[in-house]
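Q: Residues per chain, in single letters:
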Amino acid sequence: MTWLAELRAAALVGTARHPAPSPPAELGARPPEVHTAEESLLDQAALADAVIRAARQPRRLDDAGLARPAPPDHCPQASGEAARLLDLLLTQPPVGPELRTLLVADWLRLAAASGVRVPHKLLPPLLAAAGTRASVAEHLHPAIGTRGRWLQGLLESDHGTSDSGAGHQQGAAARDWAELAGTDATAEVERLRRTDPAAARTLLGGHWDNLAARERAAHLATFTANLGPDDEELLERALDDKAKSVRDTAAALLDRLPDSARAARMADRLRPLLRLNGVLRKRLEIGLPPEPDAAALRDGVPAQPRSGEPDRLARLDTIIRGAPLDTWTSATGRGPAPAIALLKGETRVLEAIASTAARRADLEWVRALLEDRFEPRLLACLPAVEREERLVRQLRSSAAPPFALVEPLRDLPRPWGPALAAEVLEQITAKNGGQLAVMLAGILPAALPPEAAGQCRQLLERSDDDAARRRVLRDAVQYQSFRQSLTEAFS
Amino acid sequence: MCFMGRWSEDRVAGAAPDAASLAAARKLARPGPWSETGSNDVLVWGKCQGSGKTPYQVSVDLAAPAYRCSCPSRKFPCKHALALLLLWSRGEAADAGTEAADFAREWAEQRAGRATVRERRQSEQPADPAAQAKRLADRLALMDAGIADFSRWLADLVRTGMASARSQPYSWWDGVAARLVDAQLPGLAEQVRTMGSDIHARSDWTDHLLHRAGRWWALTKAWRIRDHLTPDELADLRVAVGWSVPASEVEGVEALPGPWLVLGDHRSDDGRLQQQRTWLRGPDGTVVVLLDFAARSEPLATPQLAGALLEATVARYPGSAPRRALFTGGVGTAGTARTLGGGSSIRQALDAESAAVASSPWRERHPVLLAGVRLSTGGSGWLRDEAGDALPLVDAPLDSLLALTGGHPVDIFGELEEGRLRPLSAVIGNAVVTP
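Residue numbers (the numbering used here), protein chains in the order written: chain A, 1 to 491; chain B, 1 to 435.
Because the hints were derived from the structure by calculation, they are not lab data.
Quick caveat: nothing in here was measured; it's all calculated off a predicted structure.
Ideal placement from N, C-alpha and C gives every residue a C-beta, glycine not left out.
Hints are not guaranteed to be accurate.
[To be verified] Here are the simulated EDC-like cross-link-like pairs (lysine to aspartate or glutamate), alpha carbons at most 20 Å apart as the crow flies:
hint : chain 1 : residue 1 : chain 2 : residue 2
1    : A       : 121       : B       : 265
2    : B       : 221       : A       : 407
3    : A       : 121       : B       : 399
4    : A       : 121       : B       : 411
[As the list claims (entries may be wrong)] Listed next, with one range per pair, are the computed distances between beta-carbon atoms:
hint : chain 1 : residue 1 : chain 2 : residue 2 : range
5    : A       : 74        : B       : 344       : 28 to 36 Å
6    : A       : 79        : B       : 311       : 21 to 29 Å
7    : B       : 32        : A       : 36        : 34 to 42 Å
8    : A       : 474       : B       : 311       : 20 to 28 Å
Based on the provided sequences and hints, a complete structural model is requested.
A: Set out below in structure tokens:
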């Protein structure tokens, strides 16, 4: 045992039970002038303390453990007021967490537009904020610059997540993909489907026979993205699949393709069921479909149950959803709007038609249906400008309860136009508008255009007992004024 | 304004700095520990028996209000003052009518006449030298006794073993610290208190306590031979035991001209006390450190920005370099430095630390400026110089350092403490920045 180890052992149990060692001669300690074991031990402890502190050696570290230095940043760094505002937002935000997230994302967009980057010092708090807020994360590039990407890479590799850049995966996708586990494989098909639908189809088609039924169904379900006529062949093949889940998925996808062969077959099944009656041919009678034959069963029309009555209405639904919508116009000899008028009272049929129009985003039918019924799923098919106009009209007519409009309002691009902003402000400041205000709290600050800030300020000055509503308005005012400072800082 | 009525208990509670102080005061608000209590129109006073030998002297000026207590607490007002006020508000002690205790009256007079006293201090000679000598002798006697008591405690500590010390509750350490405070050795008391928590917080507690006990032991021996020490050695020893030199004795001694470059600063808060250390370097290379303290709830002096050049004159406290210093006048800014100058290698820095330990064994922190070091993020972080030597970091914001340096070699200023470096500033792209 070394002297230090003996010293430690003696000190730990006490000199009453363990004798103090003698100091090593090579340290040249003065001969002890002590009388007791305690004093000897304490003397040696003092010696050890001094010796260790006076003899510290550097450790050796080879440069393998060092991160490769960051390449230089060519973009200039944001300076002055812009840098100060980002620092403020990240380190001592003067606003609540939602507003802060909005404003940081705004800062990043403005920086990117002005061609400047985040100061290096602010990268760690920014990346931390991006870790919890997706809306910050998606605007990080290019504003964080080369240093930011470098730091992101280092922090990610520290946390064990591999760098999943798209570049290195594409070449090896087909080979590696077969080795991915279930949900990862689905995620990969989904990613590919969005960027290169044909490649996704080839990939899935190539592995089709080796996949379990559950995998075939899950992978195929991702084809909702970028679905097109080229997918029909694979979908027709899937209609013959052994597994019902795969057949159902394929049928649901083919429902979205009104020019497909299956749609034509469905039209052939629907047409004989529709008959115009009455003197003025103003009554549309709809018959129920017969028992499905083998071809109809293959197309997904529900089979005869083992016992009990068949659900003929469900069969009709399936046929309506599969057939092209122009089956209705040709059968009635009228355009979508009058055709819908003829169907007044046929709620179940109209519901099936509406869901078909929404799924296919058939704008002619969607617009006609919206005149009859105001449904968010229909509204969502329209271009943003038209959606906004219709929402303004809807709010003015107040036919629908405003809560039904929360989803469509959330989905609109921000900021809104002045007309919609005015209409929404009127609704939320109305007597019972507090709840609507709270439901819109997350989006309102960024949704209101800068021109609405003055109105919000005036509304705030009114006396109002509704604390939640006041907070929403105050947030809107704060956001606008901070946003104004940001714009000025970057101009 | 003249509001001298008896306070309500609520008003006393309102004066408490925090809930913990009030709770502690309520426990003390019973007649048991109190003696010589009294009150008049403006004052409430009393003595409270604490953990030490001498009772604490507590005085409260109701008009200001202002509080004074001889206990070492940094809470303001402390639990003793609050407890006394609670007793008085309930009418359980400190009834009016008695003549004010000497300590309370003296304090009140001091407060009343402070402005005039301050003015007078400039012109008048210091007070009676004989009385001063007597006070010094009394203090030294108290400290001698305290050091002797502490030596016995150290001997007991190693006789019974450090393992059994570790099983002691915190109050055991606190009791030792309280005795040291009573013996006017607050610097030692602070170290003992810190040990009371370190012994549980640190994985290397055995060596830490062993070495610290050795250092304390050496300190008690140095105290006994203090008459044979050089003035610098004695000054360092005084700092270690906590016998401070009043600022007024330092101010007039010298006025070293600037500009003073701010090398870096560090703030810490141990729960009782906030401390700010600011490292400065003068035009001739002299390095000094400014120390600012504030109670937990009070604001510290505004930090100086690393890299700033300060137009100020500085006076140094006695002791070995780098010495503590204070500004002797106003502080102006004279621009910003683009660099901190030439730094050393890690080996040179450790050699300098060795030399400093030899000349001033009580000093625990050494300022170092390292040249061209790169950051490695393993563990709590490392700095590596060009020669391949490495130094572990302590309290280092690694993400921030990484972001600022980009993994490139930079100059870093910091405090070397127990073989680890606490980085305080870095030179990056022609500017001194704080990580």
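Q: Are the hints correct? Go through all of them and say.
A: Here's how the hints hold up against the structure:
A threshold of 20 Å between alpha carbons decides the hint, and for residue 121 of chain A with residue 265 of chain B the separation of about 18 Å falls inside it, so the pair holds. Restraint check for residue 221 of chain B and residue 407 of chain A: not satisfied, since their Cα atoms lie roughly 79 Å apart, outside the 20 Å limit. With a CA separation close to 9 Å, the supplied pair residue 121 of chain A and residue 399 of chain B stays within the 20 Å bound. Between residue 121 of chain A and residue 411 of chain B the alpha-carbon distance is near 16 Å, which keeps this suggested pair within the 20 Å criterion.
At roughly 34 Å, the beta-carbon separation of residue 74 of chain A and residue 344 of chain B lies within the given 28 to 36 Å, and the hint holds. Separated by about 26 Å at the C-beta atoms, residue 79 of chain A and residue 311 of chain B satisfy the suggested range of 21 to 29 Å. Checking the proposed 34 to 42 Å range against residue 32 of chain B and residue 36 of chain A shows it holds: the Cβ atoms sit about 40 Å from each other. About 45 Å separates the C-beta atoms of residue 474 of chain A and residue 311 of chain B, a value inconsistent with the hinted range of 20 to 28 Å.
Violated hints, listed in ascending order, are 2, 8; each of the other numbered hints is respected by the structure.
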